[in-house]
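Residue numbers (this note's numbering), protein chains in the order written: chain P, 50 to 445; chain A, 50 to 445.
Hints listed in this document are in silico derivations from the structure and should not be mistaken for laboratory results. Hints should not be assumed to be uniformly reliable.
What the hints assert, rightly or not - Which chain A residues face chain P? A few, computed with CB under 10 Å, are given here:
1. Met71
2. Pro82
3. Val85
4. Ile129
5. Leu154
6. Thr169
7. Ser250
8. Met361
9. Lys396
Glycine included, C-beta positions come from ideal geometry on N, C-alpha and C.
Number of protein chains: 2
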Amino acid sequence: MKKIYLDYNATTPVHPEVLDAMMPYFKDFYGNPSSVHSFGQETRKAVEDAREKIANLLGAENPSEIVFTSCGTESNNFAIKGIAFDNKDKNCHIITSAIEHHAVLKPCEYLSKKFGVDVTYLPVDKCGIVNPDDVKKSITEKTVLISIMYANNEVGTLQPLEEIAKIAKEKNIIFHTDAVQVVGKIPIDVKKLGVDLLSISGHKLYAPKGIGVLYIKKGTKLHPLLHGGSHEKNRRAGTENVPYIVGLAKACEIALKNMKDENDRILKLRQKLEKGILEKIEYVQINGHIMKRLSNTSNISFNFIEGEGILMSLDLDGFAASTGSACTSGTLEPSHVLSAMGVPPEKTQGSVRFSLGHYTTEKDIDKLLEILPKIVERLRSMSPLWEDKKRSEIRD
Amino acid sequence: MKKIYLDYNATTPVHPEVLDAMMPYFKDFYGNPSSVHSFGQETRKAVEDAREKIANLLGAENPSEIVFTSCGTESNNFAIKGIAFDNKDKNCHIITSAIEHHAVLKPCEYLSKKFGVDVTYLPVDKCGIVNPDDVKKSITEKTVLISIMYANNEVGTLQPLEEIAKIAKEKNIIFHTDAVQVVGKIPIDVKKLGVDLLSISGHKLYAPKGIGVLYIKKGTKLHPLLHGGSHEKNRRAGTENVPYIVGLAKACEIALKNMKDENDRILKLRQKLEKGILEKIEYVQINGHIMKRLSNTSNISFNFIEGEGILMSLDLDGFAASTGSACTSGTLEPSHVLSAMGVPPEKTQGSVRFSLGHYTTEKDIDKLLEILPKIVERLRSMSPLWEDKKRSEIRD
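Bound-form chain P, shown alone (with noise of 0.2 Å):
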């Protein structure tokens, strides 16, 4: 049986290219980038061209600008630990949204529990999206940080950034974003965009697990998450993951080189699979922004049975997908971002997300329409819910 995978917004294999750029950083040019040996200048040059590369495909002013971490999770809890601990004693304000990756979200939650730090959780609309009035409202004196994230990793719905961004130069306060789920998707331009600071993750763009950046403008303050060594100009102690960072260059490049061609092709399946699914199962809903929302997402609710339940069924056929957030699943918790967005508790428990990618295919489509409404019938005809609403039509 062919395995198919449709949960890209999870996590992508590493691409061929990135693995080819990767291999001679193990054994053949193995030196610490800080020793000053020739096998450590060999090492230090392939980083500081990484950082180039990738600050360059960013819109960023400066190499120095571009900061490695081990991933995007480190990313956001540098960002917003750091700015929260270099403002600690001012009783500070964060301002995030409710639809946050657990990655800003509890982060937030341990500054405020445990370091009195005050935070506001924004809502959103029943499409996703953030208000950026409500953002403005919700400004005090002591707001040091505005964290709002690029693309929702659940539902793709993209947030009015540039807006928001202003917004906080304007009263001159710091502004993140988790672009995790953007970066290899949509081109990013830093300054364009505004933003102070800016979480990636390689694995979200066919680089490995356990790289990732931070990308710091110049003059932005903050404290450092890991001490120790003078690396990354004193902001990221710990010798560099050389292999990785040079990995991440090559991904961010070939995501760059095929974006537009890349998006088009996927755009279409997706509308494909969204038009079938609309077409073949009744009482379903597709969650999120219509049209501000990645081109390779889709969460879609299936009224009156288990998102799960319908996992389970695919995973057996060879279909990979999810409930949510890889990071979450295995909790039994219905997903933050769907009642954030207004959905009810029903239609919450039945959606699934399906993120596709590089090797998503037009047969992959086809077969997935063809198994999902048996599924889903099966499913239905075990649910006490669904005989319900049969019962209850009948009545009507």
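Once you have looked at the hints, place chain A on chain P.
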């Protein structure tokens, strides 16, 4: 020209078997271990198998005591800040030593400067050993953590860890050790050592740069450093670096299998190196304990000249060594380790660390012993200090 690497304490190449073990997890098995579908289950199994292997190799009671991090620096920051923040409302006190790696010293300095944590930096004797009595005497009612490294990275001196652990245990104080330079070189049994927290770094033992472990003895309470998803049982958020985790387990396995023979072989080479230098070059001094020392590490002061000059000349001849920690190279400060050991500044300036490893051969040492005396002679011939010395000898 064949290049000869004698800087294994700075970093090591990835062992070919480690690379082989990692390879399937880049392209073929790439699921997010948190995903519930089969792609995720494959990598979850790989992560948990690795965790179990490492737990066994360290003598841990339970695999869940192994928490994967991105490097030794992260492990140290996690341990130290994790304990301090868990006790932050108590005006807490930490005991460490003056010769720790910066990945321990800098988090302590940070906590002290920014969070009012009281830190005692214990002195060492001229061999670089902490006196357990000093530990005992420094304990106060506020002491929440003792952090003493297992072996020093610059001189290789081993600490009386079990004695210190016993003192900590008697007083019910958490004991952390930075074992980054030891794991892979000496068999480790965390229970026998009596430590509560122990830091490991992959790239010191032929796994890649960018993976580490913090061993956390069951029941040890500390704050996470990275908040987010529920990875690592809520102790370290961030998608697991599956290939490197698999690689680290393999590296630990290989190290333990060959440890005795490899240690004997390397010790003989180091003895040859030190004997040769003492015979061929006058005014030299071996730093660190003559017996209680990592068998691969040799730190030697060459009087009247600069270590940096020796390194540069060695580099031109294809040899890689270092003056101290790679993490602080480039800074012009004298080694804090040698200073704490009471080595006078002029000898500290002239010190070089040779650290031997898996690929070091007798021929390499022969070649070094051929070249090094010439380098030292040439540098001394240009050194005003040397000239003074010679003049004073004539006068005497």
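A quick look at each hint next to the structure:
1. Met71: holds (8 Å)
2. Pro82: holds (8 Å)
3. Val85: Check passed: Cβ of Val85/A comes within 5 Å of chain P, closer than 10 Å.
4. Ile129: holds (9 Å)
5. Leu154: holds (8 Å)
6. Thr169: violated (18 Å)
7. Ser250: holds (8 Å)
8. Met361: holds (8 Å)
9. Lys396: violated (20 Å)
The structure fails hints 6, 9 (numbered hints given earlier, in ascending order).
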